[in-house]
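S.K.: Sequence:
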Amino acid sequence: MVPQGVILTEDSLRLAVNYFLTRDSFSFDVESSGDYRDQPHLASISWISLATYGCCIVIPLDHPIGTKVIGTKKVPMKYKTGKKIGETYFKAVPEYEGPPEQLDLALVFGILAPLFSHPKIVKTGHDVIYDLVVVSKYLGFVPVPPYFDTKIAFWTLNENRMRNGLKEWTEERYDHKYDFENVGKCAESHPFDTVAYYSYCDSKFDWLHYKWLKQQIADQGLQKIYDLEMNILNVLIGMRLSGVRIDVEKLKQLRADLRVEVVQLEGNIYAAAGKKFNINSNPQKQQILFGKKSEGNQGLKPWKLTAKGREIKDANGKLELIHYSTDDEVLASYPDNPLAHAMREYGDVSKILSTYVESWLGTEDEPAKIYDGRIHAGFLQYGTVTGRFSCRSPNLQNLPRSSSDMGKMIRDVFISEPGGKLVVADYSQIELVILAHYIGEGKLYEAFMQGIDPHTMTAAMVLGKDPADVSKVERQDLGKTLGFAVVYGAGLGKVASMAHITFDEAKRVLKTHERMFPEIHQFKQDVLDLARSRQPVPYITTLMGRKRRVPDLNMEDTYFNRKYIMGAERQTFNSLIQGGAADLIKLAMVRLDATLPDEAKLVLSVHDELAITAPDGMVFEVENTVREAMTGAGIQKLVRVPLRIDLHTGDRWGDIK
DNA sequence: TCGCACCGCGCC
DNA sequence: AAAGGGCGCGGTGCGA
Numbered sequence: 001m002v003p004q005g006v007i008l009t010e011d012s013l014r015l016a017v018n019y020f021l022t023r024d025s026f027s028f029d030v031e032s033s034g035d036y037r038d039q040p041h042l043a044s045i046s047w048i049s050l051a052t053y054g055c056c057i058v059i060p061l062d063h064p065i066g067t068k069v070i071g072t073k074k075v076p077m078k079y080k081t082g083k084k085i086g087e088t089y090f091k092a093v094p095e096y097e098g099p100p101e102q103l104d105l106a107l108v109f110g111i112l113a114p115l116f117s118h119p120k121i122v123k124t125g126h127d128v129i130y131d132l133v134v135v136s137k138y139l140g141f142v143p144v145p146p147y148f149d150t151k152i153a154f155w156t157l158n159e160n161r162m163r164n165g166l167k168e169w170t171e172e173r174y175d176h177k178y179d180f181e182n183v184g185k186c187a188e189s190h191p192f193d194t195v196a197y198y199s200y201c202d203s204k205f206d207w208l209h210y211k212w213l214k215q216q217i218a219d220q221g222l223q224k225i226y227d228l229e230m231n232i233l234n235v236l237i238g239m240r241l242s243g244v245r246i247d248v249e250k251l252k253q254l255r256a257d258l259r260v261e262v263v264q265l266e267g268n269i270y271a272a273a274g275k276k277f278n279i280n281s282n283p284q285k286q287q288i289l290f291g292k293k294s295e296g297n298q299g300l301k302p303w304k305l306t307a308k309g310r311e312i313k314d315a316n317g318k319l320e321l322i323h324y325s326t327d328d329e330v331l332a333s334y335p336d337n338p339l340a341h342a343m344r345e346y347g348d349v350s351k352i353l354s355t356y357v358e359s360w361l362g363t364e365d366e367p368a369k370i371y372d373g374r375i376h377a378g379f380l381q382y383g384t385v386t387g388r389f390s391c392r393s394p395n396l397q398n399l400p401r402s403s404s405d406m407g408k409m410i411r412d413v414f415i416s417e418p419g420g421k422l423v424v425a426d427y428s429q430i431e432l433v434i435l436a437h438y439i440g441e442g443k444l445y446e447a448f449m450q451g452i453d454p455h456t457m458t459a460a461m462v463l464g465k466d467p468a469d470v471s472k473v474e475r476q477d478l479g480k481t482l483g484f485a486v487v488y489g490a491g492l493g494k495v496a497s498m499a500h501i502t503f504d505e506a507k508r509v510l511k512t513h514e515r516m517f518p519e520i521h522q523f524k525q526d527v528l529d530l531a532r533s534r535q536p537v538p539y540i541t542t543l544m545g546r547k548r549r550v551p552d553l554n555m556e557d558t559y560f561n562r563k564y565i566m567g568a569e570r571q572t573f574n575s576l577i578q579g580g581a582a583d584l585i586k587l588a589m590v591r592l593d594a595t596l597p598d599e600a601k602l603v604l605s606v607h608d609e610l611a612i613t614a615p616d617g618m619v620f621e622v623e624n625t626v627r628e629a630m631t632g633a634g635i636q637k638l639v640r641v642p643l644r645i646d647l648h649t650g651d652r653w654g655d656i657k
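Residue numbers for the first sequence follow my numbering, beginning at 1 and rising by one.
Hints listed in this document are in silico derivations from the structure and should not be mistaken for laboratory results.
Cut-off 20 Å, straight-line C-alpha distance, at most; resulting in silico cross-link-like pairs (SDA-like, lysine to any residue):
1) Lys74 - Pro94
2) Lys507 - Ser497
3) Lys637 - Glu441
4) Lys250 - Met406
5) Lys480 - Pro467
6) Lys369 - Gly407
7) Lys408 - Arg259
8) Lys224 - Leu157
9) Lys137 - Gly238
10) Lys465 - Lys480
11) Lys224 - Tyr539
12) Lys73 - Cys186
Build the full structure now, drawing on both the sequences and the hints.
M.R.: Here you go:
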């Protein structure tokens, strides 16, 4: 007889695990507790549940309370952040009986170990990387692949759907709701039986979804891309566990310096405005900049609408000051206004201080994002519609670039492991490589084959010059801008402002581009036609078979729909390119993980860039491994244009580039 | 008090 | 005539 439900004895646990060991797959889920539940490498585990064919067990490990209410007690009131409101405010909460005696944690993981180390049994979960990282700590090893992730599977099947949570899908597919109190957020405060049922359902339904998803992935031709995603899980677990090392002292010094600077810049603003106001408030900025001079404001003429403002204008609504933008482009358009100037200076520094310094170091209310001298950011596979990773807690994919002073200071805080170096490699022109790969013969392709910089080639063709005669500015303004225009679908206005030319000039430039690169424009049209030929929902597939569905491509062509259709066309084409680049970097990561020496670690992935920390004595070996992983034959075979990387090695991220 | 919309902005 | 693809996050201000 195989046990079911709550497991409180060693015998029943052993019986259950013996049964699980005879199956080919199981799903599992952990409930964590403590202050670090959003940091899986630190989280404490209080429950674990497992489900497979005909069996679902729930193992409480450290639940503090029972089920029966025996009275009420008063506890200090707290904000959701965990901070106490004060010593004098209390609220009454139910008091529960003591919990049943629970199995010893070490014993449980000792018994579960053969299951998690089994090389044939699939371990599945919902956002399973979290659970895999949590149990790694208790098992003493990272669970052995193969893995399956139901969240990533749902996303692979429909990357546009925003709500891919286990709860949403369980309600949708089984019309079953089991979480009425957000138990997962704070399991330890809920009665024993409630958590037991919750944990049971998490595993049980994950298991049911798994069986369905597995088939769907295969049926929809997505096996190859899904396998790639699953192969990366192991890499991401490693990145999450090791994190990236931070020079905390340097960061604290930077905080001190920037705080002083921000105070000074605030003072400049108040002086220029002639009064104090909240500089971070847009409405107040709009009032002061654009309000009447006679009322003590600057009386500047607003000219750029915000997104909301454009919407209102389109609907013939009434425009007010709050619908006009105060962004940097606008501020820069008043070069003679001291307040606008002061605001620009302040914006730079305060943004960097709050986003990259204060929030990492933490405040009284917000916990720091640095633990043990490392940042353990989360790289999410299901975070984008194109197949790229997103990154959060904190986002390490949007640090200011080291070409600016501020960016250099921030990136200098990222350091290698002691006695090692950071090796950073990025693909050069990856998006244009993919474009040229698809188009084949043509000037862009030729440029790559001859080793000519593609932006230079673009500028040369549009200007009717030899590439050797193209100036730096022409390459940057014209070549690069047109590259963006192609890949992102930029319009006239954007091209004009990016290339620093007039509207009419932009029009001519785009016309010339179309004449000189007809194959690019033809290819765009072909991509859209192919996508539209797929019905009921149009889609494209990337280099490795990833799908991007674009329902709006189907909209009826009316005046009002026009902008949505054109937006959908830009998304479609960009997804082909951006998604292909994502395929390549993900494949490179898998290849790298398989060949990198144990002493070196992949620590960052930023779209087309990888960073690895390597011991001093192994730098040369690691560099070669990275080069082979990113450009070797096994990956080069995917594109007919040579893949190239720029590779740099240094002590700090800021040293590089 | 909190969740959300909105703005603005950092990156590729 | 006009059209910027993909993210996460900090801050403000509003309304539930």
